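Q: Now for the letters of each chain:
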Amino acid sequence: MAEDALNRDRPADSGPELLRMRGIRKEFPGVLALDGVDFTLRAGEIHALMGENGAGKSTLIKVLTGVHAPDSGTIELDGRPIRPRSAHDAVALGISTVYQEVNLVPYLSVAENFVLGREPRRLGRIDWREANRRAAEALARLEVRVDPASSLGSHSLAVQQMVAIARALDQNARILVLDEPTSSLDAREVERLFEVMRRLRAEGLGILFVSHFLDQVFAVSDRFTVLRNGRLVGELPARGTTRLQLVSLMLGREVDEETLAKRPEPAAPAPPMVEARALGRRGSVEGLGFSVAPGETVGLAGLLGSGRTESARLLFGADRADRGELRLDGRRVRVRSPRHALRLRFGFCPEDRKSSGIVPNLSVRENIVLALQARRGWLRRLSLRRQREIADRFIRALGIATPDAEKPVGTLSGGNQQKVILARWLASEPRFLILDEPTRGIDVGSKAEIERLMADLRKEGLAILFVSSELEEVVRNCHRVCVLRDRRQVGLLEGDRVDAGAILRTIAGGGEDA
Amino acid sequence: MRRSLHPTVWAFLAWLLLLAVNLAFTPGFFSVEVRDGRFYGSLIDVLNHSSPVLLAALGMTLVIATKGVDLSVGSVVAISGAVAALMVTKGQAPLPTVVAVSVGVGLALGLWNGLLVSVFGIQPMVATLVLMVSGRGIAQLLTDGQIITFQDPGLASVAGGSLLGLPNPVVVAACGLAVVAALARWTAFGTMVEAVGDNERAAHLAGVPTRWVKLGAYAVCGVGSAIAGLIVCSYTKAADANNAGLYLELDAILAVVAGGTAMTGGRFTLVGTVVGALILQTLTTTILTKGVPVQWTLVVKAVAVLAVCLLQSDQFRRTVLARRLAA
Amino acid sequence: MKAFRRSNLPVWATLAVFVLAVTAASLRYEHFFSFDVFLNLLRDNAFLGLAAIGVTFVILSGGIDLSVGAMIGFVGVFCATLMNAGVPGWAAIALAVALGTLVGLGMGSLVAFFDLPPFLVTLAGMFLLRGMALVISMEALRIDDPLFQALGHSKWVAPGLLLAVLLLGVYLANFRPFGRAVYAVGGNEQSALLMGLPVRRTKVLVYALSGFCSSLGGVVFAFYTLSGNANSGMTLELDAIAAAVIGGTLLTGGVGHLFGTLLGVLILGTIQTVISFEGTLSSWWTRIAVGLLLLAFIGLQKLFQAGRSETP
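Chains as they are written, first to last, in my numbering: chain A, 14 to 527; chain B, 4 to 330; chain C, -9 to 302.
Calculated from the structure, these hints are not laboratory results. None of these values were measured; they are calculated from a predicted model. Backbone N, C-alpha and C fix where the C-beta goes; we use that ideal spot for every residue, glycine too. Some hints here could point you the wrong way.
[Said to hold, decoys possible] Some chain A residues flagged as far from chain B (calculated, every beta-carbon gap over 12 Å):
#1 Glu40
#2 Arg55
#3 Gly92
#4 Arg205
#5 Pro284
#6 Arg366
#7 Gly423
#8 Ala468
[As the list claims (entries may be wrong)] Some chain A residues near chain B, calculated using beta-carbon distances under 7 Å:
#9 Pro250
#10 Arg252
#11 Pro363
#12 Glu379
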């Protein structure tokens, strides 16, 4: 199916090629972020760049906008090779970016943010009247009417984005990169943004659009480029492509009989350990409902931004639920904080390993015993010998590649850092383990090891909640799967009904459960 | 990560260098004589006079390791000294009571700082600025603006007496070091402090009580400063609310940073802090004994601070290295 | 004047406190509310105000300057020594201000080019300036240069200079690209870089400006006291920072206004004046009051910031 969609013919109504990136390769220590990626943007088109976390979207954008230099590959603008060395360079070339977290200065006024760095001057001073006039005029063109002298931070993110777009246009942008601009906007604001995007398209701009909301992508894009694991997996026109095709490309559905046949061994019947009923939190995620017994794994599937991480944080008390209920061994509990969760014998490997997982300058040993030590309290320190024993045990059991337990964790590779965090939670002897994308951004070998480890833990009677962007992994490891879309649980698949096709259909919105 | 030598090693080498300079050029610097069962000599002086800074710097090490800073040390010194002097002049309180109350005051002030930082989430420099500014006023309020002198033998013995031949401040500082070291290394407090300073979010998610840890660090700093205050007022047998411990917080921060604990938080080293405090005092004593006019002390200190900063700056090392390679 | 409207709530609060303090004082003391008292307020606090203006710029850019108090002491001794050696007063002033600016420039370069913490760099600057002042002279030096005498006896020079520098500062801050870059760097350095602003140059200049302002403050202090004393301006850096914070400047940078700082200085001055009017109140209440005010304004800023929530 997907092969038909790989339609590389130019649509009849397409404009001239504006940007042409060829064979872009970028390697970071331990990760090949981009592996020979091609990307073409035409004048007068909205081109969606699609892919899950770690697919290479943001690296590609950073290469385009001069933040990263590619290891190899060429970038041509209007047929002339370019090599932006900084964001400033890129802007000068006509490539402007508007980020989700708007990169402006919230304390300054709208007009100032609009003119910052190129203020109009008169008689040796900044001509604020002129600046305000220009800003108001430029914003009015985008149908935004705000007082240009008001402070930027007092406006909604939607208005801030419009200011950023107006600034970009005023700097003669020809390519506008919108990096997840819609994730904090409401439906009306999104529609307004889309109108602006369509207008700019009509004016001949090339717009590179990143979003993980399928509806939006289909609503506004002319063409998709899909990346997975740093590779280009398809470029296809929006017209004639189905959601299922797109999602299949993104999540990588290699129809492999052996893989599909592989399912987790059924757990011995037991009463549920953890049960969530319509659990939710305002503005975060809603309607989370599942149960998991010892020896079982429940999966959370959904696209990036569908509420997977939010669900995991909710269960662990990193955010507090404000609706629904959670039961542990049949008794209702309110998880107040990570410390509380730790006492309930929950464990949580967060998605963002660098910012929320590792303590980079502490040693492997200290990182591994951290949660166990936190549970024991500061007074009952584990003796150095115990710490070493525990660390060595997990280094061996998980195959953590480190010269010794005293190495700072920050110096290990991503896969090994992930294993250290896993070890941290295993050392705390959890009953319920929440794994948020434990396999992301690590090499294939480590992925397999982590899956094998999950199977072992199931045998030992742990209940596991597993979040992954890789559909096959979810199918291989989970007894049941909660499917999330737009920050809401939209389906729960169990037993035989857990298969990649069903999950895809539910995510795409075609095959919702009756 | 550790491509180069640990900064504490640099600090230690710097201290040895200072000592070597003295060995070569300052006759009698290393001579220690015994009089009345007590050691005397320049080295003993160095130990003696570095005690207040060290006591404050121990707690400061923990605070800085949590990514914070405590500017109120000098004010706490003034308040603690004022309280002690008042207790012996007005109330003839016995030494144990005086010490207990002063330390209690220090603890309360430390907790106040910690509360502002950890519970109310105020930036440490601002939060401790409040006590830094008002603390001396409070001390003056207590002493009614007077310099309170006292003759109480108990309080005077805090700095004047000796134990096992060593001046009492040295003994007190050594005990302080032992207590903080025990807290840091025999309990899990030290590791938690480092985890909080290195990656607070991760520590929080791992179940570390981040707020309590920060509160604890500021409390230790308050107690250390209060004890330093007792020693400072005992040296002069007077409580001077205006000048006691003036700029002591800056010396304490310097000792910590010179010793190899980074102001960006995370890993800390108490040994380094000791070496840092010794460097500062050895520098001062050297200048004094060398007959260099005393006014040069601050200038030398400025150069020392800059040297420490530059040595610890990656940017500087990279630039210098790059130049050396280019040459 | 629309540029003044932004996020100025704290400045209004400061103004309210100032008006309240002056009103209360005028009700209590008959002669308090007079032009002379106000002029004296400006004159007595001109050196602090000058230093605080520079410090405000530094804080706005996200840094801190601890060296301004020591600069006051240094400049006094420096000027006195030069004039005792026969250098004319105007030349001494020019040299002192040039040297002060240069010291600031040096500190700024260290901060900007080697990524050193401003706290430590300006601490070193403080030690250096205080130390050099002591090296030049341990004793207080009398100044009897006629120019300094004249300046010192004038009612108008110090307040005039303060207001002139304030207006210059406001012009720089609000009507020059440099000023806007200062705000942008302090508000979000990353954004400032991405928008192509000269982040490093801005940082260097900000410390140079602070050196300029505080050395000018030192000159004013010298002709105000007609002496040069290495120990002048002890803990003045604290008062300057406190004035900026009370005036609504966020210590994290990016928010604040020079008028707020002036108000902060005037509030500090008013408290001092009130306490001296009162007679029975001792001077240390000033510090306690300043501490409480600081606390109150930090609380206010916390509320002001509450809108932009940050998760720990």
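Q: Please check whether the beta-carbon of A/Arg366 is more than 12 Å away from every beta-carbon in chain B.
A: Contrary to the label, A/Arg366 does not stay out of reach of chain B, its closest Cβ about 9 Å off (not over 12 Å).
Q: Non-interface claim for A/Arg55: all C-beta distances to chain B beyond 12 Å?
A: 42 Å, holds
Q: So A/Pro284 supposedly isn't at the interface. Is its beta-carbon more than 12 Å from every beta-carbon in chain B?
A: Nearest chain B Cβ is 27 Å from A/Pro284, so the label holds.
Q: Is it correct that the beta-carbon of A/Arg205 has no partner in chain B closer than or equal to 12 Å?
A: 34 Å, holds
Q: So, as I understand it, the hint says A/Pro250 touches chain B; can you test that by seeing if any CB pair is closer than 7 Å?
A: Where the cut-off is 7 Å and the nearest Cβ of chain B is about 42 Å from A/Pro250, the hint is violated.
Q: Are all beta-carbon distances from A/Ala468 to chain B longer than 12 Å?
A: Fine: 25 Å to the nearest Cβ keeps A/Ala468 off the interface.
Q: Does the claim that A/Gly423 lies outside the interface with chain B hold up, using a Cβ gap greater than 12 Å?
A: 6 Å, violated
Q: Are A/Arg252 and chain B close enough, Cβ to Cβ, to be under 7 Å, as the hint says?
A: Since the shortest Cβ distance to chain B is 44 Å, the answer is violated.
Q: Under the criterion of a CB-CB separation shorter than 7 Å, is A/Glu379 in contact with chain B as hinted?
A: For A/Glu379, the interface hint holds, since the closest Cβ of chain B sits about 6 Å away, which is under 7 Å.
Q: A/Glu40: least C-beta distance to chain B exceeds 12 Å?
A: 21 Å, holds
Q: Once the shortest beta carbon distance from A/Pro363 to chain B is found, is it less than 7 Å?
A: 6 Å, holds
Q: Just want to verify: A/Gly92 was marked as not at the interface with chain B; is every Cβ pair farther apart than 12 Å?
A: Given that every Cβ of chain B is farther than 12 Å from that of A/Gly92, nearest at about 37 Å, it holds.
Hints 6, 7, 9 and 10 from the earlier list are contradicted by this structure; the remaining hints agree with it.
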